[in-house]
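Going by the working numbering, the sequence shown runs without a break in its numbering and finishes at 762.
The set of hints was computed from the structure by calculation and includes no laboratory data.
Please read all numbers here as calculations on a predicted model, not as lab measurements.
Idealized CB from N, CA, C, for every residue including glycine.
Don't take each hint at face value.
Claimed, not checked - 20 angstroms max Cα-Cα, derived EDC-like pairs, lysine to aspartate or glutamate: (1) Lys-493 to Glu-472; (2) Lys-197 to Glu-376; (3) Lys-240 to Glu-53; (4) Lys-493 to Glu-376; (5) Lys-489 to Glu-713.
As the list claims (entries may be wrong) - Derived CB-CB ranges, DEER-like: (6) Ala-71 to Pro-550: 51 to 57 angstroms; (7) Thr-44 to Thr-187: 50 to 56 angstroms; (8) Ala-71 to Leu-615: 55 to 61 angstroms; (9) Glu-334 to Glu-649: 50 to 56 angstroms.
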Amino acid sequence: MSKLKKITRRSFMIGSGLVAGGVAFGAHKVATPHANPLLAELREGEAAFTPFIKITADAVTLITPHTDVGQGVQTAQALLIAEELDIDLDQVTLSFGAPDPAYYNTALADEAVPFQSADDSLAARSARGAAGAAFKLLGLMVTGGSSSVPDSYEKLRMAGAVARETLKKAAADQTGQPVSALQTKQGAVVLPDGTRIAYTDLAKAAADIAPVTEVSLRDPSEWKRLGKPVLRNDVVAKSTGTQRYTIDLELDGMLHASVRTNPKRGGSAAQYDTAAAEQMRGISAIVPVTNGIAVVADNTWRAIRAVNAIGCEWPDAPYPAEMADHWQAVSDSFTDDALDKEWRNDGDVNAALGTDAKGVQQIEAEYFAPYVAHQPLEPLCAVARTLETGIEIWTAHQMPRFLQQKVAAVVGCDADEVIFHQQMAGGSFGHRLEFDVVTQAAEIAVAMKGKPVKLTYSREEDFAQDYVRQISIGRAKGALKDGGVHAWQMDIASPSVTASQMTRLGQPAAGPDTQIAAGVWNMPYAVPHLSVRAYRTPELAPISSWRSVGASSAAFFAESFLDEMIHAAGADPVAERLRLIQSPIHRAVLKAVAEMSDWGAPLGPGQGRGVAFVESFGVPTAEVVQVRDTSRGIVIEKVWVAAEVGQVLDPINFENNVMGGVAWGLGHAMNCEITFTDGVADQRNFDMHDGMRMAQCPQIEVRGLTNGDKVRGIGEPPVPPAAPALANAIFAAKGQRVRRMPFWNDVDFA
13 MSKLKKITRR SFMIGSGLVA GGVAFGAHKV ATPHANPLLA ELREGEAAFT PFIKITADAV
73 TLITPHTDVG QGVQTAQALL IAEELDIDLD QVTLSFGAPD PAYYNTALAD EAVPFQSADD
133 SLAARSARGA AGAAFKLLGL MVTGGSSSVP DSYEKLRMAG AVARETLKKA AADQTGQPVS
193 ALQTKQGAVV LPDGTRIAYT DLAKAAADIA PVTEVSLRDP SEWKRLGKPV LRNDVVAKST
253 GTQRYTIDLE LDGMLHASVR TNPKRGGSAA QYDTAAAEQM RGISAIVPVT NGIAVVADNT
313 WRAIRAVNAI GCEWPDAPYP AEMADHWQAV SDSFTDDALD KEWRNDGDVN AALGTDAKGV
373 QQIEAEYFAP YVAHQPLEPL CAVARTLETG IEIWTAHQMP RFLQQKVAAV VGCDADEVIF
433 HQQMAGGSFG HRLEFDVVTQ AAEIAVAMKG KPVKLTYSRE EDFAQDYVRQ ISIGRAKGAL
493 KDGGVHAWQM DIASPSVTAS QMTRLGQPAA GPDTQIAAGV WNMPYAVPHL SVRAYRTPEL
553 APISSWRSVG ASSAAFFAES FLDEMIHAAG ADPVAERLRL IQSPIHRAVL KAVAEMSDWG
613 APLGPGQGRG VAFVESFGVP TAEVVQVRDT SRGIVIEKVW VAAEVGQVLD PINFENNVMG
673 GVAWGLGHAM NCEITFTDGV ADQRNFDMHD GMRMAQCPQI EVRGLTNGDK VRGIGEPPVP
733 PAAPALANAI FAAKGQRVRR MPFWNDVDFA
């Protein structure tokens, strides 16, 4: 029997995390479940016991509402249901479903409140409960923050268990056998004599009875699918080039469009000279869109060529035109007036770092993290077609209900008249949290009146219109005493990604931004005197969530400087970190990666190892990077990763997500930045924003730890430790500190 024991109707509908929220928002509102959206579409003899499972006479359909952006979360969701439902994935149909408040994200509350993941105090629980209640009442349907698996873990298993027990009840009523005598196996109820009744054959009978909600979840020791290697549902299609994305969709009578909008983000529309474009082959229309112009043609290539032929005069951007001024604005933000929050104030840092401090050695350093692009392989693309009332949209998006609101505002209809067809995404890294391509597609579709229009960004337009990762500077001071770290002041300045993103959503972003110092304010080190301060730079270029958000830069600053302090103190990087960590769970992660890498073993000439430890999205993650300094430059030879996630549900996909996160983090640390000249991004394609090449990718060894009592996601946590571990390894190999990304500014890579 699982830790959850029996699942009552009330806990199935509410969720224990929302109980505290009932105090803030009213117990009745919090307790009232969202309606099951599947019921409205049921025909005679079809059953839908929960919002996640639909059974008809010829199919079992599992609803997997989280967006699959390449991380394999559709398979993960299906497995959670299938484990309790006792059905194999080759027996089911998977559907993203339609946007609905019933699919609100239950797990985002942990990241939405400023409490460390291990903080189980009354204040922390109350804050999480209140945030969870708010998300429930808003019907906040979001894929992001490595929350998909934590959000799905309990409720999808519950859904499977409810369906399983309800089908057993239907079989019992039909056969006269007691429910206790029935079992389930591979999509069927099994009678005592071995007779099998397929779930599809029970749909009609089950539709007429109330769902059985007094259910028990299976203990992990009983799992047949979860925790075992499985083939992701998209592997064959992606391996054979047959996976269809938005960019592959074809509808009868479809037109194709491309756009140019002001590359000085936030600047207004230009004056246009469309004469040349109007004469080009295949052009149907030239349509103004917000802050830009669109060309509609009979194929995408002609649309892109024509829109690029339009002469445009772009007004100035609302941010500094030149890159040096962006850096200056961040540098100028380390002031009392710009202090967003002092997240940690342990001991007496001022005294420990004061000029009269006795018996201490002091060091300081400054670090830089640039803007970077999201750059998913599939360019932004959306298909739109207006209806008599409302509009249809096909694309991949991580916030479907916000998408409906945005498109409704363009079309002038109600949000529920925006019919959204979720698609598989060819990558995102946070890119598909934004709306421009969707609202522009809607604007064009309105002009084309009932004809389906596919809007595809050129790669150059995709880069030019990206809401980039935040620019950031870290300034650190430290004091060493008795061979160890004694005091540490970590100051970080950055624009607020939360404020920038929430403004575009039309949502408030009150209070300090947890992302400016993410991965630092919540670090597990018990330094005697520790200060972590976040400074908010006034808004510069528009920014958005990039894989691991603030931790992708802030953790680079902190773990690099910690390594500098440890080296100056003459201590071992792993041993000193272990001395500073008190939490057994966090210590186990660092010990695991040290064991995996055989930390301390002799290395060859020119070799060096670096370690970094970061907790992001509740996942303590430690990485060791080994490099070799050669005549051609730095070669990254091997990486070891250990992460605590509470439960590894799909070992192969877990390993792949970690490996991908490491390669992503290393590649961007090595090579990538976005700079501005005259307000326009200089880098406009992959050749100017070059991630890690396949020949540069190291061997990566992964271990998932399961000591914690909460299930966590792994899509983003491997990213933040990669950059500092690489920087620390470079120092170990050649004695050179790298304090700014991308590292190619200071070292060569083979």
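Right, here's what the structure says about each hint:
1. Lys-493 to Glu-472: Since the Cα atoms of Lys-493 and Glu-472 sit roughly 52 angstroms apart, the hinted pair is violated (cutoff 20 angstroms).
2. Lys-197 to Glu-376: 63 angstroms, violated
3. Lys-240 to Glu-53: 35 angstroms, violated
4. Lys-493 to Glu-376: Cα-Cα ~15 angstroms, so holds.
5. Lys-489 to Glu-713: 34 angstroms, violated
6. Ala-71 to Pro-550: 51 to 57 angstroms: Given a distance of about 55 angstroms, which is inside 51 to 57 angstroms, the answer is holds.
7. Thr-44 to Thr-187: 50 to 56 angstroms: About 36 angstroms separates the Cβ atoms of Thr-44 and Thr-187, which means 50 to 56 angstroms is violated.
8. Ala-71 to Leu-615: 55 to 61 angstroms: At roughly 57 angstroms between Cβ atoms, Leu-615 and Ala-71 fall inside 55 to 61 angstroms, so the hint holds.
9. Glu-334 to Glu-649: 50 to 56 angstroms: Violated: the Cβ-Cβ distance is about 39 angstroms, outside 50 to 56 angstroms.
In summary, the structure is inconsistent with hints 1, 2, 3, 5, 7 and 9 from the numbered list given earlier, while agreeing with the others.
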